[in-house]
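Asker: Sequence:
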Amino acid sequence: MNRIKDYRKQSRLTQKQLADLMHTTQQTIGRWENGNPEPSIANLRDLAYALRTTVGALLGDPWTSNQSSNYHLMLKEDENGMDGLWGNLGILPSGRPKSIWYPITVGTFESIPSSLKHNEPFYFETLNNKLVLVNPKHVKRFVTLDEAADEFPDDWDLEWHEFGYESLEIYDALEAYQEELMHPDSKMLSEHLRKTIEELIADHDLDEDDILKLTSSIRIFFNDGKMEPYTLSAFDFIDDILYPILSADECPKTITIDHDDFSMYIPTASVSLIEFPLLKANEVMKRLNSE
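For any residue, its number in the working numbering is found by taking its place in the sequence shown, counting from 1, and adding 256.
A few of these clues could be false.
Here are the simulated DSSO-like cross-link-like pairs (lysine-lysine), alpha carbons at most 27 Å apart as the crow flies [to be verified]:
#	residue 1	residue 2
1	K354	K373
2	K354	K396
3	K373	K469
Honestly, the hints are just simulated from the structure, not real lab data.
Please take these sequences and the hints and turn them into a complete structure.
Answerer: Right, here's the structure in full:
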């Protein structure tokens, strides 16, 4: 059973309004909500973009983030329910001059006090495609700033995707767009979403490396302030990287990252935080839990 209707209602859209956003008819929206017929993958991408969430969330996938960048989703239905934009979380790692800011949902905001209570490593999801493992022992400061608040003084330098207003679906759509460039017959995006992605790329002057960073980046911030960037395309075993972190009741003492040419063993105690691509992490959990 898909959740298109749930997300539409929580976004305060009528079927007609969503149809206008989708450049289709109200009757088509009604049929998609009833699952007869099921929308195509291109239609699902359009729906996810319009409703500011992901295809997996619309399909009710239990291993997919239920986040939405829609600020109307201010109340969670339950712990696995829809979760909307709250504002930003700023983390100032040891040895760094400025905070790293993440757009977060209501659910993440509400979980921060309890996560910090025991001063142990924890992870959280962001609205700009990050799964962040953070070690509070090497963080100078956490700041929560709701969406309506003024900028945090002398520490507020955000890029376009760090405000949290964009749909999470753009990250998958950016990858699909790159795939279409290599395989023009694949037709993974609708004409409307393809045009939207092309405008996004032009507006922010994104090249192939920029898109790779947005969709597949790992950044490791060590407790001395140094940062090492990687991309998942450089590693063989994404499952082995993420599964121990996501499946354990407690964060592992050591994070292992295997490469073609080397293996890294990173003590969790030596880092301030590590960023992984959230949608890739969702794919890992879905795949491993279906085996």
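Asker: Which of the numbered hints above does this structure break?
Answerer: 3
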